[in-house]
Amino acid sequence: MSNDPKWLSAPPSAQTVTVRLIEEVGMMSLPSALFLDPVSEGHEVMNGGDLAFLIENKNLGKMAVFVLGVRKDWWNLPSKVRDPLAFCVGVKVEKDVPEVLRDSSISLNDINDVIWSHSHLDHRGDVSLFPPSTTLNYGKEVAALKPGVTSEAEAVFLATDFAGRHNNEIDFGKSTFKIGGFPVIDFYGDGSFYLLDTPGHDHGHLSALARTTSTAAGHDKDTFILLAGDACHFCGVLRPNASHPFPDRHFPDSSIGLSGIESLEMLKRHPQVPQSSDALNEAARVTPWYGVATGQLSTFVDPIVGQNTANEVREAFDEMDNVFVAVCHDLGLLVQDNGKPVLPSLNKAPQEDLNSWYEKGWKDKVYWTWVNELGKKDEHGRVQPQESAVIGFWMHGSDTTKHRMYSKKRAKVKTV
3 MSNDPKWLSA
13 PPSAQTVTVR
23 LIEEVGMMSL
33 PSALFLDPVS
43 EGHEVMNGGD
53 LAFLIENKNL
63 GKMAVFVLGV
73 RKDWWNLPSK
83 VRDPLAFCVG
93 VKVEKDVPEV
103 LRDSSISLND
113 INDVIWSHSH
123 LDHRGDVSLF
133 PPSTTLNYGK
143 EVAALKPGVT
153 SEAEAVFLAT
163 DFAGRHNNEI
173 DFGKSTFKIG
183 GFPVIDFYGD
193 GSFYLLDTPG
203 HDHGHLSALA
213 RTTSTAAGHD
223 KDTFILLAGD
233 ACHFCGVLRP
243 NASHPFPDRH
253 FPDSSIGLSG
263 IESLEMLKRH
273 PQVPQSSDAL
283 NEAARVTPWY
293 GVATGQLSTF
303 VDPIVGQNTA
313 NEVREAFDEM
323 DNVFVAVCHD
333 LGLLVQDNGK
343 PVLPSLNKAP
353 QEDLNSWYEK
363 GWKDKVYWTW
373 VNELGKKDEH
383 GRVQPQESAV
393 IGFWMHGSDT
403 TKHRMYSKKR
413 AKVKTV
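The numbering used here numbers the first residue of the sequence shown as 3 and each following residue consecutively.
Possibly wrong hints are sitting among the right ones.
To be verified - Straight-line Cα separation of at most 25 Å, DMTMM-like style, residue types lysine to aspartate or glutamate; simulated pairs:
#: 1; residue 1: K94; residue 2: D401
#: 2; residue 1: K82; residue 2: D304
#: 3; residue 1: K97; residue 2: D75
#: 4; residue 1: K367; residue 2: E314
Calculated directly from the structure, the hints in this document are not laboratory data.
Please construct the entire structure, taking both the sequences and the accompanying hints into account.
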(Lines of atoms letter the chains of each structure in order from A and count residues from 1; the text may use other names and numbers.)
(Lines give C-alpha, C1' and ligand atoms only; values in the text may rest on other atoms or scores of the structure.)
Protein backbone atom coordinates (compact mmCIF):
# COMPACT_ATOMS: atom_id res chain seq x y z
CA MET A 1 0.00 0.00 0.00
CA SER A 2 1.13 3.54 -0.65
CA ASN A 3 3.05 5.23 2.18
CA ASP A 4 1.91 8.64 0.98
CA PRO A 5 0.66 10.64 4.00
CA LYS A 6 -2.49 11.57 2.06
CA TRP A 7 -3.57 7.94 2.23
CA LEU A 8 -4.94 7.21 5.71
CA SER A 9 -4.41 3.47 5.71
CA ALA A 10 -7.16 0.88 5.84
CA PRO A 11 -6.43 -1.80 8.43
CA PRO A 12 -4.74 -4.84 6.85
CA SER A 13 -6.97 -7.74 5.85
CA ALA A 14 -6.62 -10.90 3.80
CA GLN A 15 -10.27 -10.68 2.76
CA THR A 16 -11.41 -9.17 -0.54
CA VAL A 17 -14.68 -8.75 -2.39
CA THR A 18 -15.34 -9.34 -6.07
CA VAL A 19 -16.57 -6.21 -7.86
CA ARG A 20 -18.57 -6.37 -11.07
CA LEU A 21 -19.79 -3.39 -13.07
CA ILE A 22 -23.51 -3.21 -13.87
CA GLU A 23 -24.34 -1.06 -16.88
CA GLU A 24 -27.91 0.12 -16.57
CA VAL A 25 -29.25 0.36 -20.12
CA GLY A 26 -30.33 3.96 -19.87
CA MET A 27 -29.07 7.51 -20.12
CA MET A 28 -29.73 10.96 -18.74
CA SER A 29 -28.68 14.25 -20.33
CA LEU A 30 -28.69 17.23 -17.97
CA PRO A 31 -27.34 20.78 -17.73
CA SER A 32 -23.76 20.62 -16.46
CA ALA A 33 -24.50 23.56 -14.16
CA LEU A 34 -26.41 21.17 -11.91
CA PHE A 35 -23.12 19.54 -10.97
CA LEU A 36 -20.11 21.56 -12.17
CA ASP A 37 -18.72 25.05 -11.79
CA PRO A 38 -17.70 26.96 -13.82
CA VAL A 39 -19.15 25.30 -16.92
CA SER A 40 -16.70 25.38 -19.81
CA GLU A 41 -17.77 26.22 -23.35
CA GLY A 42 -18.87 23.12 -25.22
CA HIS A 43 -19.83 21.20 -22.08
CA GLU A 44 -23.17 22.81 -21.31
CA VAL A 45 -24.79 19.36 -21.32
CA MET A 46 -23.50 16.45 -19.27
CA ASN A 47 -24.36 12.96 -20.46
CA GLY A 48 -24.44 10.41 -17.70
CA GLY A 49 -24.85 6.69 -17.68
CA ASP A 50 -26.18 5.14 -14.51
CA LEU A 51 -23.68 2.60 -13.25
CA ALA A 52 -24.16 0.16 -10.39
CA PHE A 53 -21.88 -2.45 -8.87
CA LEU A 54 -22.37 -6.04 -7.76
CA ILE A 55 -20.32 -6.84 -4.67
CA GLU A 56 -19.66 -10.46 -3.72
CA ASN A 57 -18.02 -11.59 -0.51
CA LYS A 58 -17.29 -15.19 -1.45
CA ASN A 59 -15.86 -16.03 1.96
CA LEU A 60 -19.17 -15.14 3.64
CA GLY A 61 -21.36 -16.21 0.73
CA LYS A 62 -23.03 -12.80 0.49
CA MET A 63 -23.85 -10.41 -2.35
CA ALA A 64 -24.79 -6.74 -2.36
CA VAL A 65 -25.69 -4.20 -5.02
CA PHE A 66 -24.26 -0.71 -4.59
CA VAL A 67 -26.85 1.75 -6.01
CA LEU A 68 -29.69 0.82 -8.36
CA GLY A 69 -29.74 3.60 -10.96
CA VAL A 70 -33.05 5.02 -12.22
CA ARG A 71 -36.16 2.91 -11.85
CA LYS A 72 -37.67 1.97 -15.19
CA ASP A 73 -41.02 3.59 -14.35
CA TRP A 74 -39.50 6.85 -13.14
CA TRP A 75 -42.78 8.67 -13.87
CA ASN A 76 -44.38 6.92 -10.87
CA LEU A 77 -42.07 8.72 -8.43
CA PRO A 78 -43.47 11.42 -6.11
CA SER A 79 -43.93 14.78 -7.83
CA LYS A 80 -41.29 16.49 -5.66
CA VAL A 81 -38.73 14.10 -7.13
CA ARG A 82 -40.15 14.10 -10.64
CA ASP A 83 -40.66 17.84 -11.13
CA PRO A 84 -36.94 18.79 -11.20
CA LEU A 85 -36.61 16.65 -14.32
CA ALA A 86 -37.96 19.72 -16.11
CA PHE A 87 -34.34 20.91 -16.16
CA CYS A 88 -33.21 17.77 -17.96
CA VAL A 89 -32.65 17.40 -21.68
CA GLY A 90 -33.68 13.77 -21.66
CA VAL A 91 -34.25 10.59 -19.66
CA LYS A 92 -34.46 7.08 -21.06
CA VAL A 93 -34.25 3.75 -19.20
CA GLU A 94 -34.53 0.64 -21.34
CA LYS A 95 -33.41 -1.89 -18.74
CA ASP A 96 -32.99 -1.49 -14.99
CA VAL A 97 -30.52 -3.14 -12.61
CA PRO A 98 -32.84 -6.00 -11.53
CA GLU A 99 -33.34 -6.92 -15.20
CA VAL A 100 -29.59 -6.94 -15.81
CA LEU A 101 -29.10 -9.21 -12.82
CA ARG A 102 -31.76 -11.66 -13.98
CA ASP A 103 -30.45 -11.63 -17.55
CA SER A 104 -27.03 -12.53 -16.11
CA SER A 105 -28.53 -15.56 -14.31
CA ILE A 106 -28.29 -13.90 -10.90
CA SER A 107 -31.44 -14.42 -8.86
CA LEU A 108 -32.68 -11.44 -6.89
CA ASN A 109 -33.17 -13.93 -4.04
CA ASP A 110 -29.37 -14.17 -3.84
CA ILE A 111 -28.93 -10.44 -3.22
CA ASN A 112 -28.54 -9.99 0.53
CA ASP A 113 -28.18 -6.20 0.50
CA VAL A 114 -29.02 -3.15 -1.56
CA ILE A 115 -26.94 -0.08 -0.65
CA TRP A 116 -28.14 3.38 -1.59
CA SER A 117 -25.43 6.00 -1.93
CA HIS A 118 -28.15 8.62 -1.37
CA SER A 119 -31.80 9.43 -1.95
CA HIS A 120 -31.76 10.85 -5.49
CA LEU A 121 -33.88 9.10 -8.10
CA ASP A 122 -30.93 8.14 -10.30
CA HIS A 123 -29.40 5.92 -7.61
CA ARG A 124 -32.17 4.32 -5.62
CA GLY A 125 -34.02 2.38 -8.34
CA ASP A 126 -36.99 0.26 -7.33
CA VAL A 127 -36.15 -1.76 -4.22
CA SER A 128 -39.64 -3.29 -4.19
CA LEU A 129 -38.53 -5.60 -7.01
CA PHE A 130 -36.21 -7.38 -4.57
CA PRO A 131 -37.54 -10.04 -2.18
CA PRO A 132 -38.21 -9.26 1.51
CA SER A 133 -34.98 -11.09 2.39
CA THR A 134 -32.94 -8.26 0.84
CA THR A 135 -31.87 -5.63 3.38
CA LEU A 136 -31.99 -1.97 2.36
CA ASN A 137 -28.99 0.05 3.60
CA TYR A 138 -28.82 3.85 3.57
CA GLY A 139 -27.31 6.79 5.42
CA LYS A 140 -28.95 7.65 8.72
CA GLU A 141 -30.05 11.11 7.51
CA VAL A 142 -32.29 9.48 4.88
CA ALA A 143 -34.62 8.33 7.68
CA ALA A 144 -35.86 11.91 8.09
CA LEU A 145 -37.19 11.77 4.51
CA LYS A 146 -39.16 8.52 4.83
CA PRO A 147 -42.93 8.38 4.27
CA GLY A 148 -44.80 9.25 7.44
CA VAL A 149 -42.04 11.60 8.54
CA THR A 150 -42.48 14.11 5.71
CA SER A 151 -45.82 15.44 4.45
CA GLU A 152 -47.30 14.04 1.25
CA ALA A 153 -46.42 17.25 -0.59
CA GLU A 154 -42.79 16.97 0.54
CA ALA A 155 -42.50 13.22 -0.05
CA VAL A 156 -39.43 12.05 -1.94
CA PHE A 157 -39.97 8.31 -1.39
CA LEU A 158 -42.71 5.79 -1.98
CA ALA A 159 -43.86 3.59 0.90
CA THR A 160 -42.84 0.57 -1.19
CA ASP A 161 -39.21 1.73 -1.05
CA PHE A 162 -38.99 0.66 2.59
CA ALA A 163 -41.91 -1.65 3.32
CA GLY A 164 -41.63 -5.36 4.03
CA ARG A 165 -37.89 -5.62 4.53
CA HIS A 166 -35.18 -4.85 7.07
CA ASN A 167 -34.03 -1.24 6.86
CA ASN A 168 -30.45 -0.69 8.03
CA GLU A 169 -29.58 2.93 8.77
CA ILE A 170 -25.82 3.45 8.44
CA ASP A 171 -24.76 5.55 11.43
CA PHE A 172 -21.26 6.93 10.94
CA GLY A 173 -21.41 8.24 14.49
CA LYS A 174 -20.52 4.67 15.43
CA SER A 175 -17.39 4.70 13.27
CA THR A 176 -14.18 3.92 15.15
CA PHE A 177 -11.66 5.00 12.49
CA LYS A 178 -11.24 6.85 9.22
CA ILE A 179 -9.89 6.03 5.78
CA GLY A 180 -8.79 8.91 3.58
CA GLY A 181 -10.20 11.34 6.13
CA PHE A 182 -13.71 9.86 6.03
CA PRO A 183 -15.46 8.02 8.88
CA VAL A 184 -16.07 4.41 7.81
CA ILE A 185 -18.17 1.37 8.67
CA ASP A 186 -16.69 -2.09 8.04
CA PHE A 187 -19.73 -3.49 6.23
CA TYR A 188 -18.91 -7.21 6.45
CA GLY A 189 -16.70 -6.95 9.52
CA ASP A 190 -13.71 -8.52 7.78
CA GLY A 191 -11.96 -5.52 6.16
CA SER A 192 -13.07 -6.39 2.63
CA PHE A 193 -15.68 -3.67 2.06
CA TYR A 194 -16.14 -0.32 3.79
CA LEU A 195 -18.86 2.32 3.64
CA LEU A 196 -17.56 5.91 3.82
CA ASP A 197 -19.31 9.06 5.01
CA THR A 198 -18.93 11.43 2.02
CA PRO A 199 -21.25 14.40 2.70
CA GLY A 200 -22.19 17.48 0.71
CA HIS A 201 -24.15 16.34 -2.32
CA ASP A 202 -27.17 14.94 -0.50
CA HIS A 203 -28.36 14.09 2.99
CA GLY A 204 -26.67 10.91 4.17
CA HIS A 205 -24.52 10.50 1.06
CA LEU A 206 -22.10 7.60 1.32
CA SER A 207 -19.47 5.92 -0.83
CA ALA A 208 -17.88 2.47 -0.64
CA LEU A 209 -14.31 1.16 -0.68
CA ALA A 210 -13.80 -2.37 -1.97
CA ARG A 211 -10.56 -4.25 -1.33
CA THR A 212 -9.76 -5.99 -4.62
CA THR A 213 -6.35 -7.55 -3.87
CA SER A 214 -4.44 -8.06 -0.62
CA THR A 215 -0.78 -8.68 0.16
CA ALA A 216 -1.96 -10.58 3.25
CA ALA A 217 -3.66 -13.02 0.86
CA GLY A 218 -0.56 -13.41 -1.29
CA HIS A 219 -1.18 -10.73 -3.90
CA ASP A 220 1.66 -8.45 -4.99
CA LYS A 221 -0.13 -5.26 -3.94
CA ASP A 222 -3.03 -4.02 -1.84
CA THR A 223 -5.52 -2.51 -4.28
CA PHE A 224 -8.95 -0.95 -3.90
CA ILE A 225 -11.87 0.38 -5.92
CA LEU A 226 -13.61 3.45 -4.52
CA LEU A 227 -17.28 3.44 -5.50
CA ALA A 228 -17.68 7.19 -5.19
CA GLY A 229 -21.41 7.48 -5.83
CA ASP A 230 -22.07 11.18 -6.40
CA ALA A 231 -19.19 12.46 -4.28
CA CYS A 232 -18.55 14.04 -7.66
CA HIS A 233 -20.39 13.62 -10.95
CA PHE A 234 -17.60 14.12 -13.46
CA CYS A 235 -13.96 13.08 -13.31
CA GLY A 236 -12.85 16.60 -14.24
CA VAL A 237 -13.64 17.53 -10.62
CA LEU A 238 -10.78 15.21 -9.58
CA ARG A 239 -8.42 15.69 -12.51
CA PRO A 240 -5.87 16.91 -13.40
CA ASN A 241 -4.02 16.88 -10.08
CA ALA A 242 -0.53 16.94 -8.61
CA SER A 243 0.00 13.21 -9.08
CA HIS A 244 -1.51 13.17 -12.57
CA PRO A 245 -0.75 16.52 -14.30
CA PHE A 246 -2.50 17.36 -17.53
CA PRO A 247 -0.18 16.19 -20.34
CA ASP A 248 1.85 19.10 -21.70
CA ARG A 249 1.79 17.93 -25.32
CA HIS A 250 0.09 14.63 -25.99
CA PHE A 251 -1.99 12.22 -23.97
CA PRO A 252 -0.28 8.94 -23.02
CA ASP A 253 -0.43 6.18 -25.60
CA SER A 254 -2.31 4.08 -23.06
CA SER A 255 -5.20 6.59 -22.99
CA ILE A 256 -8.25 5.42 -24.93
CA GLY A 257 -10.01 7.65 -27.48
CA LEU A 258 -7.73 10.69 -27.24
CA SER A 259 -5.59 10.33 -30.33
CA GLY A 260 -5.47 13.54 -32.33
CA ILE A 261 -6.33 15.77 -29.37
CA GLU A 262 -3.53 18.21 -28.58
CA SER A 263 -3.42 18.46 -24.83
CA LEU A 264 -1.79 21.91 -24.79
CA GLU A 265 -4.57 23.39 -26.93
CA MET A 266 -7.16 21.74 -24.72
CA LEU A 267 -5.41 23.05 -21.60
CA LYS A 268 -5.85 26.62 -22.83
CA ARG A 269 -9.59 26.13 -22.29
CA HIS A 270 -9.18 25.33 -18.58
CA PRO A 271 -12.12 27.15 -16.95
CA GLN A 272 -10.47 27.65 -13.55
CA VAL A 273 -7.03 28.87 -14.68
CA PRO A 274 -6.97 31.58 -17.41
CA GLN A 275 -4.14 30.96 -19.84
CA SER A 276 -2.21 34.23 -19.87
CA SER A 277 1.29 33.04 -18.97
CA ASP A 278 3.51 29.97 -18.83
CA ALA A 279 3.31 30.04 -15.04
CA LEU A 280 -0.46 29.83 -15.16
CA ASN A 281 -0.17 27.05 -17.71
CA GLU A 282 1.77 25.00 -15.15
CA ALA A 283 -0.87 25.77 -12.54
CA ALA A 284 -3.57 24.58 -14.92
CA ARG A 285 -1.79 21.26 -15.38
CA VAL A 286 -2.33 20.34 -11.72
CA THR A 287 -5.65 22.09 -11.04
CA PRO A 288 -8.88 20.08 -11.41
CA TRP A 289 -10.88 21.20 -14.42
CA TYR A 290 -14.00 21.88 -12.38
CA GLY A 291 -15.29 22.50 -8.91
CA VAL A 292 -18.66 21.24 -7.73
CA ALA A 293 -21.69 23.35 -8.64
CA THR A 294 -22.37 26.33 -6.38
CA GLY A 295 -24.94 28.27 -8.41
CA GLN A 296 -28.72 28.43 -8.34
CA LEU A 297 -29.07 25.11 -10.18
CA SER A 298 -26.65 23.22 -7.92
CA THR A 299 -27.82 19.79 -6.77
CA PHE A 300 -25.52 19.95 -3.72
CA VAL A 301 -27.23 20.48 -0.36
CA ASP A 302 -23.95 21.99 0.88
CA PRO A 303 -21.54 22.89 -1.94
CA ILE A 304 -18.73 23.88 0.44
CA VAL A 305 -18.84 20.52 2.19
CA GLY A 306 -19.28 18.84 -1.19
CA GLN A 307 -16.12 20.50 -2.51
CA ASN A 308 -14.20 19.44 0.58
CA THR A 309 -15.39 15.88 0.02
CA ALA A 310 -14.31 15.99 -3.64
CA ASN A 311 -10.90 17.32 -2.59
CA GLU A 312 -10.46 14.45 -0.11
CA VAL A 313 -11.52 11.90 -2.73
CA ARG A 314 -8.96 13.36 -5.11
CA GLU A 315 -6.05 13.55 -2.68
CA ALA A 316 -6.59 10.38 -0.67
CA PHE A 317 -7.87 8.09 -3.42
CA ASP A 318 -7.70 9.29 -7.03
CA GLU A 319 -4.06 10.37 -6.75
CA MET A 320 -3.04 6.98 -5.35
CA ASP A 321 -1.81 4.39 -7.84
CA ASN A 322 -3.43 1.52 -5.92
CA VAL A 323 -6.96 2.98 -5.91
CA PHE A 324 -9.36 3.02 -8.87
CA VAL A 325 -12.06 5.68 -8.41
CA ALA A 326 -15.37 4.74 -10.05
CA VAL A 327 -17.82 7.63 -10.37
CA CYS A 328 -21.40 6.45 -10.93
CA HIS A 329 -22.00 8.66 -13.98
CA ASP A 330 -18.57 8.27 -15.59
CA LEU A 331 -19.04 7.28 -19.24
CA GLY A 332 -15.30 6.61 -19.34
CA LEU A 333 -15.96 3.34 -17.53
CA LEU A 334 -17.86 2.20 -20.63
CA VAL A 335 -15.25 3.26 -23.19
CA GLN A 336 -14.28 0.80 -25.91
CA ASP A 337 -10.90 0.02 -27.45
CA ASN A 338 -11.08 -1.31 -31.01
CA GLY A 339 -14.74 -2.15 -30.53
CA LYS A 340 -14.28 -4.02 -27.24
CA PRO A 341 -15.14 -2.58 -23.80
CA VAL A 342 -12.04 -1.85 -21.74
CA LEU A 343 -13.83 -2.72 -18.50
CA PRO A 344 -15.99 -5.86 -18.44
CA SER A 345 -19.60 -5.42 -17.35
CA LEU A 346 -22.12 -7.88 -16.00
CA ASN A 347 -24.26 -7.10 -19.05
CA LYS A 348 -21.70 -8.27 -21.59
CA ALA A 349 -19.26 -10.47 -19.66
CA PRO A 350 -21.09 -11.80 -16.57
CA GLN A 351 -18.24 -14.07 -15.50
CA GLU A 352 -15.64 -11.29 -15.45
CA ASP A 353 -14.93 -8.75 -12.72
CA LEU A 354 -12.92 -5.57 -12.06
CA ASN A 355 -10.52 -6.98 -9.47
CA SER A 356 -7.55 -7.22 -11.83
CA TRP A 357 -7.82 -3.52 -12.76
CA TYR A 358 -4.30 -2.71 -11.53
CA GLU A 359 -2.61 -5.64 -13.26
CA LYS A 360 -4.37 -4.85 -16.55
CA GLY A 361 -3.72 -1.10 -16.42
CA TRP A 362 -7.36 -0.10 -16.70
CA LYS A 363 -6.98 3.03 -14.59
CA ASP A 364 -4.39 4.44 -17.00
CA LYS A 365 -6.55 3.57 -20.01
CA VAL A 366 -9.65 5.41 -18.82
CA TYR A 367 -8.09 8.14 -16.66
CA TRP A 368 -8.33 10.93 -19.26
CA THR A 369 -11.45 9.83 -21.16
CA TRP A 370 -13.49 12.62 -19.53
CA VAL A 371 -11.68 15.06 -21.82
CA ASN A 372 -13.73 13.66 -24.71
CA GLU A 373 -16.86 15.07 -23.08
CA LEU A 374 -15.66 18.68 -23.18
CA GLY A 375 -16.56 19.44 -26.78
CA LYS A 376 -14.15 19.56 -29.69
CA LYS A 377 -13.17 22.40 -32.02
CA ASP A 378 -14.34 22.42 -35.62
CA GLU A 379 -12.17 23.26 -38.62
CA HIS A 380 -12.67 26.97 -37.91
CA GLY A 381 -11.44 26.66 -34.33
CA ARG A 382 -14.88 27.05 -32.79
CA VAL A 383 -15.75 24.84 -29.83
CA GLN A 384 -18.68 22.63 -30.72
CA PRO A 385 -21.13 21.79 -27.94
CA GLN A 386 -21.28 18.28 -26.57
CA GLU A 387 -24.31 16.54 -28.08
CA SER A 388 -27.04 15.20 -25.85
CA ALA A 389 -27.02 11.41 -25.70
CA VAL A 390 -30.78 11.35 -25.17
CA ILE A 391 -33.44 13.94 -25.93
CA GLY A 392 -36.93 13.73 -24.53
CA PHE A 393 -38.62 11.87 -21.71
CA TRP A 394 -39.14 8.26 -22.65
CA MET A 395 -41.94 6.06 -21.31
CA HIS A 396 -42.64 2.54 -22.54
CA GLY A 397 -40.24 3.06 -25.44
CA SER A 398 -41.75 6.35 -26.68
CA ASP A 399 -40.75 9.99 -26.28
CA THR A 400 -43.62 11.58 -24.36
CA THR A 401 -42.10 15.02 -23.84
CA LYS A 402 -44.79 16.97 -25.67
CA HIS A 403 -47.54 15.22 -23.74
CA ARG A 404 -46.18 15.94 -20.28
CA MET A 405 -45.19 18.85 -18.11
CA TYR A 406 -41.50 18.80 -19.00
CA SER A 407 -41.72 21.76 -21.34
CA LYS A 408 -40.44 24.51 -19.05
CA LYS A 409 -37.87 26.81 -20.56
CA ARG A 410 -34.48 25.46 -19.56
CA ALA A 411 -32.18 27.78 -17.69
CA LYS A 412 -29.54 29.66 -19.62
CA VAL A 413 -26.12 28.75 -18.29
CA LYS A 414 -23.13 31.08 -18.42
CA THR A 415 -19.99 29.37 -19.67
CA VAL A 416 -16.33 30.29 -19.62
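Status of each hint after checking the structure:
no., hint, in the structure
1, K94 with D401, "holds, 9 Å"
2, K82 with D304, "holds, 19 Å"
3, K97 with D75, "holds, 10 Å"
4, K367 with E314, "holds, 23 Å"
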